[in-house]
Amino acid sequence: MKVSNLFVWQGRRNAMDDILLKVEDISLKRNGRYILRQVNLSVRRGEIHGILGLNGAGKSSLAYTIMGCADYVPDEGRILFEGNDITHLSITERARLGITLAWQEPARFEGLRVSTYLSLGMKEPDRTRIMEALEAVALPPSAYMHRFVDNTLSGGERKRIELAAVYAMRPKLAILDEPDSGVDILSLDDVLKLIKGMASNGTTVLLITHRDEALEIADSASLMCQGTILYRGNVEQVRQYYAQRCKLHPEMLKSPG
Amino acid sequence: MRLHQLKTAEPSWVREYEGMLEALKQAGGDPSAITSGKFATLVVSANKVLAKSELPGIHFEAEELPTGIHARIFVEPGTKITKPVHLCFGMLAEEGVQEIIACYEIGDDAQVAFFAHCTFPNAQELKHLMEATIRVGKNAKMSYTESHYHGPYGGIEVRPHAKVFVGEGGKFMNNFNLIHGRVGSLEIDYEVDVGKEGVAELVARVYGTGTDRISVKEFIRLNGERAKGLTKTRVAVREQAMSEVFTTIEGNAPYARGHMDCTEIVRDRAIAKNMPLVIVRDDRAQVTHEAAIGTVNRKELETLMARGLGEDEAVDIIIRGMLQWV
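Taken in sequence, the protein lines are chains F and X. With our numbering, letter number 139 in the first sequence gets 139, and the count goes up by one each step, no holes. Here our numbering runs 1000 ahead of the position in the second sequence, where the first position is 1.
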């Protein structure tokens, strides 16, 4: 191995050993029922970490809890980001630390243009980066920059714009909630390519999905079931576990009670 | 700068004219539309006509009254005015009354688009009253976009009242915007009668803060067969502002179609009311309404906060978006 390659490899390895996000024993109850139960999760800086699980497993609830959404304040446990406890920080404070979320079903905004929406997460509006982000989700900038982020966009277009907004923001941690849902198979490749692009820009990605094929780009993965992390390992192990134990027995994996 | 038919050469009126153009610029408008001479324009401060420019097919007649003007604006039948007509009403004074009694006559088959800029940048105890009669001829088309700028004090009463008659196949579109500066006290009162196959669209966008009071009353009578009417109201109120939106559409003729669409955002201790009234007198007519009043959608708010915006900034972006101001 060349010395220069060794430095790159060593650097990546050091980065991968560095824990960016640590979720410790997080529990969340709603009406006396556990939505999340003693969730433990570590995500290393620079990696794409997949969270796989069936619908209702608690994946989105975990995403909202990490982001700090209003109705997702944990009853127990804590969340550490770069070693600091962020459990009681607001969404804005977490975002300013470098965390963001791409919603599974993104909100629509009457009268807000795509270009403005993409610039909101930037420290300084950068037209070049906005155009690059739209191109990264295979939307021609000339056709989309001036459109509104409202209900004139199809569901697939809106999801791509959500991903483009995260891409343009270049956060330290991007939580992507089912970025592959609502897009067709052909564009799934675009989405995965985009996520790899985010990672190569230095963004750590928490990739939430119920499609095990989406995990092919992940460095590591966790399997979520009934509001907790059931299994953690390398991607292949998690996919096998999911295929053998979850897909065959979905009736076992109903919402936590 | 060209002053067309300046009524007086007194330096104070020249300064008033220049001040109004500056206020227009501060409010996001383009003064060159008034000064270039390429557009038909009418500029009125208090009861003085400061500038007037006509184009073939459109005529302004203005008579000064003690507290305002009586204006007649006439578009000849068959005339298509391709460039927008700019009307500039306002006052730089802090106190006073401006009353505009206006009569618009749009001849058969004519087309015209008015942009009315209403600037009162220093208003502290001021009234701006408009009583308009508008006649849109057969197959004629008129749009009227009215944008206000009131400055930061809120000491203004604005009363745009109009009675509109839309002839057979005619189209009338009104677009009222009061989203810059304080509203003060606003009372929009429009009544529109629509003839056979005519169309009326009334859009109002208002952003109230402080102790602003907003009242929007719009009444459309669909009297002719296949007449159409739409009211679209977007109001945001914050702090202790109050808004009331009363919209009525009557479906009085066969196949008349009407729709009322109202969205109001309420924050802080503000109060918003919406009272849509549907009256149908012909069993082949149809009138519908939709209304949404409430605080900012939580998901929209959290989406913007997840990009690093503070809650107030995010609310402002959402409100400005709803008012199509971003």
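By construction, these hints were calculated from the structure, which means they are not laboratory data. Note that the structure is a prediction, hence the values are computed from the model and not measured. Just so you know, even glycine gets a beta-carbon here, dropped at the ideal spot from N, CA and C. Treat the hints with caution; some may be incorrect.
Restraint ranges, calculated between C-beta atoms of paired labels, are given here [to be verified]:
1) X:Pro-1254 / F:Arg-96: 54 to 62 Å
2) F:Gln-244 / X:Asp-1268: 32 to 40 Å
3) X:Lys-1273 / F:Gly-197: 48 to 56 Å
4) X:Pro-1254 / F:Gly-197: 40 to 48 Å
5) F:Gln-237 / X:Lys-1299: 30 to 38 Å
6) F:Arg-30 / X:Pro-1084: 39 to 47 Å
7) F:Gly-197 / X:Ala-1291: 37 to 45 Å
8) F:Glu-93 / X:Cys-1103: 39 to 47 Å
9) F:Ala-243 / X:Asn-1297: 34 to 42 Å
10) X:Glu-1054 / F:Pro-140: 22 to 30 Å
11) X:Gly-1210 / F:Asp-85: 49 to 57 Å
Here is how each hint holds up against the structure:
{"no.": "1", "hint": "X:Pro-1254 / F:Arg-96: 54 to 62 Å", "result": "60 Å, holds"}
{"no.": "2", "hint": "F:Gln-244 / X:Asp-1268: 32 to 40 Å", "result": "55 Å, violated"}
{"no.": "3", "hint": "X:Lys-1273 / F:Gly-197: 48 to 56 Å", "result": "50 Å, holds"}
{"no.": "4", "hint": "X:Pro-1254 / F:Gly-197: 40 to 48 Å", "result": "59 Å, violated"}
{"no.": "5", "hint": "F:Gln-237 / X:Lys-1299: 30 to 38 Å", "result": "35 Å, holds"}
{"no.": "6", "hint": "F:Arg-30 / X:Pro-1084: 39 to 47 Å", "result": "55 Å, violated"}
{"no.": "7", "hint": "F:Gly-197 / X:Ala-1291: 37 to 45 Å", "result": "43 Å, holds"}
{"no.": "8", "hint": "F:Glu-93 / X:Cys-1103: 39 to 47 Å", "result": "58 Å, violated"}
{"no.": "9", "hint": "F:Ala-243 / X:Asn-1297: 34 to 42 Å", "result": "39 Å, holds"}
{"no.": "10", "hint": "X:Glu-1054 / F:Pro-140: 22 to 30 Å", "result": "45 Å, violated"}
{"no.": "11", "hint": "X:Gly-1210 / F:Asp-85: 49 to 57 Å", "result": "40 Å, violated"}
The earlier numbered hints that this structure contradicts are 2, 4, 6, 8, 10, 11.
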